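Make a model of the complete structure from these sequences and hints.
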Amino acid sequence: MARILIVEDDRDLNAAYQIILNRAGHTVASALNGEQALRTAKDFQPDLILLDLLMPVMGGLAFLQAYDLDEHTDVKVVIFTNMENSPEVTQAYNLGVTRCIIKSWTAPQNLMRVVDDVLQSH
Amino acid sequence: MLPHDAGHSSQKVAEVQAESEAIFRSIGDGAIATDEFGHITRINPMAQRILGLKPKEALGQWFPRILPIMREDKTPLALIERPIVQMFLTGKSVTAKVRYILKDGSSVPVSITVSPIILNGRPVGAIEVFRDITEEQEIDRMKSEFISLASHQLRTPLSTIKTYTHMLADGYFGPLAAPQTAPLQTVITAANTMNELISVLLNIARIESGSIAISTSEYDAAQLVTDVIKQLQITADARGVRLRFIRPAAPANLCTDSLIAKEILANLISNAIKYTPTLGTVTIRVRDLQHSVRIAVHDTGIGIPRQVHDKIFAKFFRAPNAVREETVGTGLGLYVVQGLVTTLHGKIWFRSAEDAGSTFYVSLPKSSVSPGRTADL
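Heads up: the protein sequence lines correspond to chains A and B, in order.
Heads up, the first sequence stops at 143 in this note's numbering, and the numbers go up one at a time, no gaps.
Heads up, the second sequence stops at 378 in this note's numbering, and the numbers go up one at a time, no gaps.
Rather than coming from a laboratory, the hints here were simulated on the basis of the structure.
Bear in mind that the values here come from a model prediction, so they are computed numbers and not experimental data.
Among the hints, erroneous ones may be present.
Stated by the list, open to error - Dumping the calculated SDA-like pairs for lysine to any residue here, alpha-carbon to alpha-carbon at most 20 Å:
(1) B/Lys-75 / A/Gln-112
(2) B/Lys-263 / A/Asp-138
(3) B/Lys-231 / A/Leu-140
Claimed, not checked - Selected chain B positions facing chain A (Cβ under 7 Å, derived; list incomplete):
(4) Leu-159
(5) Lys-163
(6) Thr-164
(7) Met-168
(8) Ala-214
(9) Ser-216
For every residue, glycine included, the Cβ atom is placed at its ideal position computed from N, Cα and C.
Below is the structure:
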């Protein structure tokens, strides 16, 4: 089982993802924006980060630039957003994220499937 | 001394020349005329203003030298691809959106049309008419930003509804009483329909405003198909439809926008699943052709009656047998798919008969950067 950091500013969704991933046996930490996520990631040392793009204080792209996936080659990032086909998604791929999924299309089952897929590609 | 009528006709010629000069000067768009070798013979005041060029700097100069251009996305454009050169090569008018590079190194986006000047049936030069589209591009950018934001705002509450209803249905908050299951499923279905509607409407707004941002890279078409199949496997399982993917022997690489390509495939494959009865099969096949990659989505579903074949890509159209089979649907899916395929400079077509399944073919060019190239059929 993996260590997963959820970065999502919507408290209801953040809580839901925690329940789903905890239930699946993962160890979960959560942050409400990129800045909190940078602090949490330091101690928590995640295997996978589930990252929203549009967030107050520090958004997903700014987080990716600050966190620098080249420095954390064993960490996978899955973007979780509602911005379909947007330039931000393309930028996120350029910054090294593994997958990008649309929140409003994703049921808990799909979320777990994506997480398992990405972790297996380690 | 000239005979009376010769003097009269030379005066007439001078008048006609003055009039054509006045017309040229009054054109509200920028206009530059050249001789048959591309040397500038006239430049109107609007062109001078847009380009910051004085007539004495421009006249007699070779057009491509005095006014270099690049693509809209600021990448270089080879001389042979330059519209005026294309026009001289083909003898036909060429319309394009490019950027002119100005003296100070800055650039201005323009929409141009370059046409041959024909005199006595012989091409004697070219005229390039252009419009500064800086403002239009800014409006497009704002429109696309608005669409993107609207999409996000509409979906945020929907994500919460969808996640929690699924969690309720999956027993995360305790077991459900039997009579509660069906109503909850109704909420999930409605949320999915709403989600589809948002997607479709946003795509239509994007397609119709021409504001789809394309970002191309090299991908293996088989990988794109695999990603989409992964997304749709649960839906197919739920409907008892088998998804079968016939992979090509070698990677079928193409340079395209993966997000748009996947959206096209997801639309076609989910349509195939939706209109295929339980125990049916949806088969996806990828073929690597010389200039393009062709993806075929074949289903064993209800098919499309022959008499409505010509309407199937029309906005809001749904085939009568599809409406009987599945009441939920907007008739916008294939309209959007066709728009997205066109955005990637591809082609889409299908073969189908009622009760005999359908096969939709999408052909995407291997290099979608070159707008002139057409996909193989």
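Comparing the hints with the structure gives:
The hinted pair formed by B/Lys-75 and A/Gln-112 meets the criterion: a straight-line CA distance of about 18 Å does not exceed 20 Å. Between the alpha carbons of B/Lys-263 and A/Asp-138 the distance comes to roughly 18 Å, so the proposed pair stays at or under 20 Å and holds. A C-alpha spacing of about 15 Å is found between B/Lys-231 and A/Leu-140, which places the hinted pair at or below 20 Å, so the restraint holds. With a least beta-carbon distance of about 5 Å to chain A, the hint placing B/Leu-159 at the interface is held under the 7 Å criterion.
With a cut of 7 Å, the hint placing B/Lys-163 at the interface with chain A holds, because the nearest CB-to-CB distance is about 6 Å. Of the supplied interface hints, the one on B/Thr-164 holds, with its beta-carbon coming within about 5 Å of a beta-carbon of chain A, less than 7 Å. The beta carbon of B/Met-168 is positioned within 7 Å of a beta carbon in chain A (closest approach about 6 Å), and the interface hint is therefore held. Given the 7 Å rule on beta carbons, the hint for B/Ala-214 holds: about 5 Å separates it from the nearest Cβ of chain A.
At its closest, the beta carbon of B/Ser-216 sits 4 Å from a beta carbon of chain A; the interface hint therefore holds under the 7 Å criterion.
In terms of the numbered hints stated before, the structure departs from none.
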